[in-house]
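Once you've looked at the hints, dock chains B and C against the given chain A.
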Amino acid sequence: MELIANLGVGFATALTPMNLFLCFIGCLVGTLIGVLPGVGPIATIAMLMPLTLKVDPTGALIMLAGIYYGAQYGGSTTAILVNMPGEVTAVVTAIDGHEMAKRGEAGIALGVAALGSFVAGTIATLIIAAIGAPLTRLALLFGPAEYFGLMVLGLGLAIVLARGSVLKAVIMVVLGLLLSTVGTDLETGQERLTLGLGELSDGVDFAVLAMGVFGIAEILRNLENPESRNVAVAKVGRLLPGMAELRKCIGPVLRATGLGAVLGILPGNGAVLGPFASYALEKKLAKDPSRFGKGAIEAVAGPESANNAGAQTSFIPLLTLGIPPNAVMALMVGAMTIHGLIPGPQVMTKHPTLFWGMVASMWIGNLLLLVINLPLIGLWVRLLKVPYRLLFTTILLFCAIGIYSINNNPYDVYFTAFFGLVGYLLIKLGLEPAPMLLGFVLGRLMEEKLRQALALSEGSFMTFVERPVSAVLLAIAAVIMVIAVLPAVSRKREQAFQE
Amino acid sequence: MPQRVLRRDFLGGLLILAVAAVAWWLAQPLPSGGNGGVGPGTLPKALAVILGGLGLILSVDALVAQGPGLGRWTLRGPLLILGGLALFGVAVRPLGLAVAGPLLIIVGAFASREVRWGETLVFGALMTLFCVGLFKFALGLPIPLAPWLMGY
Amino acid sequence: MKRAVFAVLALAASSVMAQQYPSRPVTIIVPFAAGGPTDIIARISGEYFSKALGQQFVVENVAGAGGTTGITRGAQAKPDGYTIMMGHMGTHGAAPALYANLKYDPAKDFDPLGLVAGTPILIVAKKDFPAANLREFIAKVKDPSAKIKQAHAGVGSVSFTTCTLLTSQIGAKNIVAAYRGTGPALNDLVGGQVDYMCDQIVNLVEQVKGGSIRAYAIATAERSPALPDVPTTKEAGLPEYQVSAWNALFAPKGLPKDVAQKLNETLVKALDDEATRKRLLDLGSVIPDTAGRSPQALQKLVESEVARWNPILKSARQ
Numbered sequence: 001m002e003l004i005a006n007l008g009v010g011f012a013t014a015l016t017p018m019n020l021f022l023c024f025i026g027c028l029v030g031t032l033i034g035v036l037p038g039v040g041p042i043a044t045i046a047m048l049m050p051l052t053l054k055v056d057p058t059g060a061l062i063m064l065a066g067i068y069y070g071a072q073y074g075g076s077t078t079a080i081l082v083n084m085p086g087e088v089t090a091v092v093t094a095i096d097g098h099e100m101a102k103r104g105e106a107g108i109a110l111g112v113a114a115l116g117s118f119v120a121g122t123i124a125t126l127i128i129a130a131i132g133a134p135l136t137r138l139a140l141l142f143g144p145a146e147y148f149g150l151m152v153l154g155l156g157l158a159i160v161l162a163r164g165s166v167l168k169a170v171i172m173v174v175l176g177l178l179l180s181t182v183g184t185d186l187e188t189g190q191e192r193l194t195l196g197l198g199e200l201s202d203g204v205d206f207a208v209l210a211m212g213v214f215g216i217a218e219i220l221r222n223l224e225n226p227e228s229r230n231v232a233v234a235k236v237g238r239l240l241p242g243m244a245e246l247r248k249c250i251g252p253v254l255r256a257t258g259l260g261a262v263l264g265i266l267p268g269n270g271a272v273l274g275p276f277a278s279y280a281l282e283k284k285l286a287k288d289p290s291r292f293g294k295g296a297i298e299a300v301a302g303p304e305s306a307n308n309a310g311a312q313t314s315f316i317p318l319l320t321l322g323i324p325p326n327a328v329m330a331l332m333v334g335a336m337t338i339h340g341l342i343p344g345p346q347v348m349t350k351h352p353t354l355f356w357g358m359v360a361s362m363w364i365g366n367l368l369l370l371v372i373n374l375p376l377i378g379l380w381v382r383l384l385k386v387p388y389r390l391l392f393t394t395i396l397l398f399c400a401i402g403i404y405s406i407n408n409n410p411y412d413v414y415f416t417a418f419f420g421l422v423g424y425l426l427i428k429l430g431l432e433p434a435p436m437l438l439g440f441v442l443g444r445l446m447e448e449k450l451r452q453a454l455a456l457s458e459g460s461f462m463t464f465v466e467r468p469v470s471a472v473l474l475a476i477a478a479v480i481m482v483i484a485v486l487p488a489v490s491r492k493r494e495q496a497f498q499e
Numbered sequence: 001m002p003q004r005v006l007r008r009d010f011l012g013g014l015l016i017l018a019v020a021a022v023a024w025w026l027a028q029p030l031p032s033g034g035n036g037g038v039g040p041g042t043l044p045k046a047l048a049v050i051l052g053g054l055g056l057i058l059s060v061d062a063l064v065a066q067g068p069g070l071g072r073w074t075l076r077g078p079l080l081i082l083g084g085l086a087l088f089g090v091a092v093r094p095l096g097l098a099v100a101g102p103l104l105i106i107v108g109a110f111a112s113r114e115v116r117w118g119e120t121l122v123f124g125a126l127m128t129l130f131c132v133g134l135f136k137f138a139l140g141l142p143i144p145l146a147p148w149l150m151g152y
Numbered sequence: 001m002k003r004a005v006f007a008v009l010a011l012a013a014s015s016v017m018a019q020q021y022p023s024r025p026v027t028i029i030v031p032f033a034a035g036g037p038t039d040i041i042a043r044i045s046g047e048y049f050s051k052a053l054g055q056q057f058v059v060e061n062v063a064g065a066g067g068t069t070g071i072t073r074g075a076q077a078k079p080d081g082y083t084i085m086m087g088h089m090g091t092h093g094a095a096p097a098l099y100a101n102l103k104y105d106p107a108k109d110f111d112p113l114g115l116v117a118g119t120p121i122l123i124v125a126k127k128d129f130p131a132a133n134l135r136e137f138i139a140k141v142k143d144p145s146a147k148i149k150q151a152h153a154g155v156g157s158v159s160f161t162t163c164t165l166l167t168s169q170i171g172a173k174n175i176v177a178a179y180r181g182t183g184p185a186l187n188d189l190v191g192g193q194v195d196y197m198c199d200q201i202v203n204l205v206e207q208v209k210g211g212s213i214r215a216y217a218i219a220t221a222e223r224s225p226a227l228p229d230v231p232t233t234k235e236a237g238l239p240e241y242q243v244s245a246w247n248a249l250f251a252p253k254g255l256p257k258d259v260a261q262k263l264n265e266t267l268v269k270a271l272d273d274e275a276t277r278k279r280l281l282d283l284g285s286v287i288p289d290t291a292g293r294s295p296q297a298l299q300k301l302v303e304s305e306v307a308r309w310n311p312i313l314k315s316a317r318q
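Residue numbers (the working numbering), protein chains in the order written: chain A, 1 to 499; chain B, 1 to 152; chain C, 1 to 318.
No lab work stands behind these hints, which were simulated from the structure alone. Each residue gets a CB set at the ideal place from its N, CA and C atoms; glycine is no exception. Treat the hints loosely; a few may be bogus.
Pairs of lysine-lysine residues, derived as DSSO-like cross-links and limited to a Cα-Cα distance of at most 27 Å, are as follows [unchecked claim]:
(1) A/K287 to A/K248
(2) B/K136 to C/K78
(3) A/K350 to C/K262
(4) C/K78 to C/K126
(5) C/K103 to C/K127
(6) B/K136 to C/K173
(7) C/K257 to C/K209
(8) C/K278 to A/K54
(9) C/K127 to C/K234
(10) C/K103 to C/K269
(11) C/K209 to C/K140
(12) C/K262 to C/K278
(13) C/K314 to C/K142
(14) C/K51 to A/K350
(15) C/K103 to C/K78
(16) C/K142 to C/K234
(17) C/K269 to C/K253
(18) C/K126 to A/K350
(19) C/K126 to C/K103
(20) C/K108 to C/K147
(21) C/K269 to A/K54
(22) A/K54 to B/K45
(23) C/K209 to C/K78
(24) A/K350 to A/K102
(25) C/K51 to A/K54
(26) C/K126 to C/K147
(27) C/K127 to C/K140
(28) C/K103 to C/K234
(29) C/K209 to C/K234
(30) A/K350 to C/K127
Label pairs and their calculated CB-CB ranges [what the hints assert, rightly or not]:
(31) A/L195 to C/G171: 49 to 55 Å
(32) C/E222 to B/P29: 36 to 42 Å
(33) B/A138 to C/P239: 50 to 56 Å
From chain A, some residues computed to sit far from chain B (all C-beta separations above 12 Å) [what the hints assert, rightly or not]:
(34) P17
(35) L239
(36) G251
(37) L281
(38) T349
(39) L383
(40) P387
For reference, chain A alone in the conformation it holds in the complex (with noise of 0.2 Å):
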């Protein structure tokens, strides 16, 4: 009952009309910016912040969560379209959504996406209003080592996300490892692997690599063979899912929102696993799992609802702690503040018309996001008819001033353009991006919290296994792994045997 009392003064907060307004244009606004290839939603929020001086704090706060979401949904645009994910999570999405757009399929695959967004928003405000604060302190028992023990499961679920041979899949991964060390060790302060290069002091950005690797190597196929993308785009079928399709997209859904909404709470950005345990999941259950890589829908509706599953429960440390879970949270928090709200504990008790106004206006937005972007799908995809001469030059253009704005340091650009290169080298050497990014971004988090556990625990491995949670976590890991690399080792011996 209190729950419906809670909720009903949030609405009522989230429902003026100021409010609405606000939320409707950071929506708008953040999914404009955000479908600008190269920009993704940390710069997208960064750009758009100033906006925001102008109202008041809660205001503010409505216009930059719409904002947020925005840019997320945005970036997923960008993803299915151009095969440029601007964040982690879009990474999943542009594996086998641009496939689907390859194949004329786009319209069908961002309203999927839209879909599924919207009905994960919805179920994830729901958990966040029930049991958001008392599930904040399950996620403080996450420690060092438990983390460590996810991201290993997570490594395991980089080699499922392989299309084709395994060993190429591990391969990339522990090269995604190994890119993922190059920068200043944080317990030393030593340079490690920067060749001496005052740029590569804090390691490696995640937008220059997906960019280089995923958008601009895209860039580069297609000018090889004109035809073949001339032909796929002349193939634009409905612009919106049927209802074969919806059904397909159920389950996918609900299990996905499950998955990101667990994960995104804890707190040191959990959510990055959520769209990869989703497309992992889902293609351990598919009948037909060979699809998955080339357009499978319930690829693109899975780690999507995940993703905004993720987002959503990502606010909650935000909210009930006032630590933030990512770099996204982060620049909430430095805006929070300079409205004059510092976020901390005391948010929920002390200003009761924020937590839940903000928690109503999560769902509003969500429902406003469908609105703007399920007309506008006819939009994108008609832009991808523009001759593609002309295309490509605006992608790489509006990509160059993204990835400089993030730092302002044209380093950032030159990079993007030699990841470029190595994405061309990797789609001729029939090596795939996408489980090197998921290597990459695991790799981090991974060896700081491993360091982070020995130090704690004075040098003890022991200690993995002395924490229940950290040795499930490994022990799932461990059987993910043989699951996944179980397969392929069988097909060897039988065509050694036929040999």
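Leaving out everything else, chains B and C in the frame of chain A:
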């Protein structure tokens, strides 16, 4: 023999092996001692070794089981696109978006075989104008506009 | 006679220039990512400058290498007053000790404009840390059998340098865990995985007020209005631990005198402005008094800070 060597996966594996070797060499000066024996150098070196091993397996595998050959490689696309991006990076701070933008579009456009001079120039100018309006004025991004002309 | 004419002309020319400055937007380089304490302070003061001087003061975030990347770029910019930067205790105090190939000299390559605000450092510990006050805390931390764990936000961060100072002053050797940023470190402190850390009040104030962590002392001369129950280190028994993460505006060396004067005057006015003061104080930051706002005071501070941090950090750094 040449046919076997030019197999895609064989070369791929060799490239991976090379990368692993470079990484291992770069990680040499890093100490390996630390908490539990895991220091700054431990992970890079271990990963390099694992990567090298896997690359080797890939190459050997390809030698034995004939895989696909190398596809067609072009020089024009990569050179112009990557060159265009590099030029943007070089030009954006001293010359500003007003110069770097058209430069990127014009150089990049030539990567496509369908490029037309007039259209490219006009498009370059228009797109840059749009980006300037959007990023510089609407969003207030601190990207240089034309330092040589206006000072900012 | 000719000399007099020239002098008058020069004076007129320079005063005209001063009147004309600023004639276009000014960039404030913030050497950290958007959203952090330094960025927030820069934006708050930038807003006042924009209003007072009629031109946009735009924040440009150039993060990297503990802030040194952005400051290097600022130091190499043209000293015409259109590029200034927000430096802080790390970039202009601790950096020479931490970074071997530092490309600037904090004391020589800049024209100091003035201190903006300092964020006092808090010594905080997990909620149920077995010590009732600072003295007991110090005793516990010094005890090697207690296996006390310290967290910091990475080598070069404020939490790293200030905690290194603390442990060197009290003579403690603890288990140290490095985190990537304040967020994760604070998270583990709240969760009880680590025992204590030292960080800027901005990052910690709400946590302390909410009771998820406990504060033992604040390292400034006076108690903070944001946390009036937390004793100063002087009151609590460690008077030599006085440190605050000060933030200040700098310009590259060679700034025309009148531009520098105008900027300093605007800064002084900003720090007296009601609205700006309130926002800065709400963060828990400390606004310098009149004497501390001059460029000379800032220069003295930089020199003394560089001297202070050198021995402490050189020994901690590999």
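Quiz item: Beyond 12 Å from every Cβ of chain B: is that where the Cβ of A/L239 lies?
Solution: It holds; A/L239 is separated from chain B by about 26 Å at its closest Cβ, greater than 12 Å.
Practice problem: Assess, step by step, whether the Cα of A/K350 is no farther than 27 Å from the Cα of C/K262, and give holds or violated. | Solution: Not satisfied, since the Cα-Cα distance of roughly 42 Å exceeds 27 Å.
Quiz item: When you check the alpha-carbon spacing of C/K127 and C/K140, does it fall within 27 Å?
Solution: With Cα atoms ~15 Å apart, C/K127 and C/K140 stay inside 27 Å; holds.
Quiz prompt | Satisfaction of hint between C/K173 and B/K136, Cα-Cα up to 27 Å | solution = violated (51 Å)
Self-check item: Hint consistency between C/K126 and C/K103 [alpha-carbon to alpha-carbon, up to 27 Å]
Solution: violated (39 Å)
Quiz prompt | Distance restraint between C/K209 and C/K140, which requires alpha-carbon spacing of 27 Å or less | solution = holds (24 Å)
Quiz item: Quick one, are C/K103 and C/K269 close enough, alpha carbons at most 27 Å?
Solution: violated (33 Å)
Quiz item: Between A/K287 and A/K248, does the CA-CA distance stay at or below 27 Å?
Solution: holds (12 Å)
Quiz item: If you draw a straight line from the CA of C/K142 to the CA of C/K234, is it 27 Å or shorter?
Solution: holds (19 Å)
Quiz item: Is it true that the CA of C/K209 sits at most 27 Å from the CA of C/K234?
Solution: Given that 27 Å is the threshold and the Cα spacing comes to 22 Å, the pair holds.
Quiz item: Hey, C/K51 versus A/K54, does the alpha-carbon distance stay inside 27 Å?
Solution: holds (14 Å)
Practice problem: Find the nearest Cβ of chain B to the Cβ of A/G251 and say whether that gap is larger than 12 Å. | Solution: Nearest chain B Cβ is 35 Å from A/G251, so the label holds.
Of the hints listed earlier, those the structure fails to meet are numbers 3, 4, 5, 6, 7, 10, 14, 19, 20, 22, 23, 24, 28, 31, 32 and 40, in rising order.
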